[in-house]
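Sequences listed follow chains A and B, in order.
For our numbering, count along the first sequence from 1 and bump the result up by 1270.
For our numbering, count along the second sequence from 1 and bump the result up by 6.
Think of the hints as simulated: they come from the structure by calculation, not from any bench.
Virtual Cβ for every residue (Gly too), placed ideally from N, Cα, C.
Heads up, none of these hints are tricks.
Facing chain A, from chain B, some residues (calculated, C-beta under 8 Å):
(1) Ser58
(2) Glu209
(3) Ala270
(4) Leu273
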Amino acid sequence: MTAYIIRRLLQTVIVLFALSFITYGLMGLMPGDPLDIACAANPRCTPENLDLMKKQLGLDRPIYERYGKWIFAFVQGDLGYSRTYRQPVTTILLPRLLNTMILGATVILVSLLIAIPIGVLTSLKANSKFDYIVNFFAFSGISAPSFWLGLMLIIVFSVFFKWLPAGGVETIGVEATQGTWAYLLDRAKYLVLPTATLASLTIAGWIRYTRASMLETMRLDFIRTARAKGLAWHHVVTRHGLRNALLPVVTVVALEFPRIASGAVITETVFSYQGVGKLMFDSIIGNDFNVAMCSFIITACMVLVMNLVADICYAYLDPRISFK
Amino acid sequence: MTKAGFVKQILLLGVVLVTSVPMTRPAIALPSNKQLTIATAQEFDTLNPNISNSSARAYLDGLLTHTLTAINADWQWACWLCKELPTFENGLVKIIEQDGKKKLQVDWQIKAKASWGDGKPVTGYDMKLAWEIGRSPNVLAGEKDQYEQIESFHIDAKNPKKFRTIYKEPRYSYYQLGTFYLTPHHLEGPIWEKTKASQGAYEKQTHYNTNPTNPGLYCGPYVAKGVKAGSHIILERNPHYYGNTAKIEKIIVKIIPNTQTLEANLLSGTVDMINENGLQFDQGLAFEKRLAQDPKLKKRYKVLYRQGTIYEHIDLNMNNPILKDIRVRRALVHAIDRDKLVQALFQGMQKKALHNIHPLDPYYTDDVRQYRFDPKRAAKLLDQAGWKMGEDGIRQKDGKKLSLNLMTTAGNKTRELVQVFLQNEWKRVAVDITIKNEPARVLFGVTLPQRKFPAMVLFAWIASPDVPPISTTHSKEIPTVDNGYSGQNYTGFANVRNDTALDKVLREFDFQKRKQLMKIVQQEYAKEVPVIPLYNRSEVVVVPTNLRGFRISGHQFYSTQSADQWYLE
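Use the sequences and the hints to build the structure in full.
Shown next, in the form of structure tokens:
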């Protein structure tokens, strides 16, 4: 197992290196630069000033040279300086990364707690009224665009009932004036609506996955054998059925975390949630190479690490799977 | 339960929910002088004004950092931190000769009470430090010309509030120091000394980034008490402010990047007002309609507009064989009803533009050739130019159709609506318009600077009052391969009278004479039609009804300029 993990981690480093080079190159190939846009709208911007700014940012150098400089600094732990925010990348990125981790973990946890039991129940009561109702809501969840759902939730729970905040991460100033529990409660309040928006999609999908996988597993011979041996029904379902049915679900769940981290741009924007998704999007649009590359490396790491986690989970769920 | 029964129950639940919503809606109180929360859609970058490049940060100027001079609410340059605006009349400005060259000597004095938030006085040393930082090639600062125009700096040894600047050449615009921000020498001086030799080092170590809540960094009516990048900034009154103490105790500027949710945040009571960088114009109009229909909301909010400096227009490529003919260019303007355009799309709240100088600019004149909506005149001009009606309803000449390409920034809904409106107008005089839009970074990064647009581009300039349009209309500013595509005269407009007037205007210190020169500039622009002027955009702000002392400026210095006079009744 240890050798397997080390081998996979080494592969990860090589993949990251190759991907970072491709991404950096692709960003460099994008036509124009935000400096051009800023200058094009401002008649006070002189060509000399524009040239100097490009030179200061190294934009006059070939792309491979810029990449070499960036990767050299990156491996030494220097993440660089954001040209958009005019601040060190770590100052910009770390608090947002933490926010994204909190949101992502909450969404995954809530989704798992809701989707797996309901998925199992719908498979056990397939084609029942309960199954139809769950299917209806699952399809609604999959079909509802997140920006629309987010806006609806804001209108109902923030504008009309005023139960929950319309956006942000925490009440401004609450950290300084209140205790830890009050602060945690405040943060939780701000997590409810973005979590509901993102989780509605994942819950719906995971219910469908779990249901399909359970239906298939529960028809297999070993389930019939387990029941014939006289095992209790809940043991048959949880120890034999669910454990086997979870294998494909694990892959989907493992890949959901990096998806939320990098792809929750719309939800983050609607709820003014300072996460890394929107930061990554803005930095790519703004040619902010240092921020974009760091966000990208983090997301790529998440994908690769979560894949590794999924592989380890396979071994736990199915001892027949070998890492040799 | 039957299926029908189940559906009925769901419907009943829906009805109960919908009808209960208005009844359970809690009321929101109007804000008081304790706190005002302002929403903005744009994120600010660094709080260091000399290296910042964002309009969101510029919004904070009036609150945190004042400049020596600024444009006031009446669109006139006036003193902000300076005691008296230097002029030839008061003897503070002189043309001198040094090394056989004419130069400008200007004597400044900073207001006696002007202090930083930690009580240290604002002096000429703060101005000099800003000058050194701004002109350094190791610092990424916008509009370097502001700093580089000053050749040397001399501070009065007896009174450091007094200092003398020597400008490289005598230009009337010496007082336009709107983005020349003073830098607290007692805090930033040591950092600058350590970092000035290394490129990009100052930006990383400046107190504005490492310790932005240090009150000594600010000289405006407020100081920063809490800063969270991408989220908000908390401002509290500056006890050492040189003007009248601000009446509102605390101001929070909250960033809500999605303009769709700005309104929801306002209605939920999360924010009290939306600033100039918030709602789109059409959203402002829609919100105003909502206020008219809801008396409760109308008691809480009002929507304010003011003509701004953003000038929407269409650049014509003067090298296009069709557009080379002035009769065609004039026909294109006569063929469009711009009054109807602003009425149909903006309910008349954004005004038709006559040319590139704003109606509130001191040089503005309407004594120029005007093109009223006259499709018959347009048709006649096109006939005279040889473009005769073809069988397919499009004009033709020598077997070629009168077809022009109109570009703009893809995804900009308002501009796309304007495009469709104009396309229909020009169709009536049998001119075919094809639309090809590009993303902003391609349009402004490649197509415009390299003049690769085939015929017409719809976009905007951000004008600044009292600034002659040299970069956009002087013939030396036409981007070419030879000059490395420098300059912003994208149309390729070359007019001797215009060039001569612009060459003289910067060196003309007499306002009336300058006004005459600028009149020539406007007249030539209107006569030659290198550009089709469309409209000047308006700024839109939503404020609580009890906010007093508030005024939208409409120019680069935001409404925060008068923040020390705001109060909530």
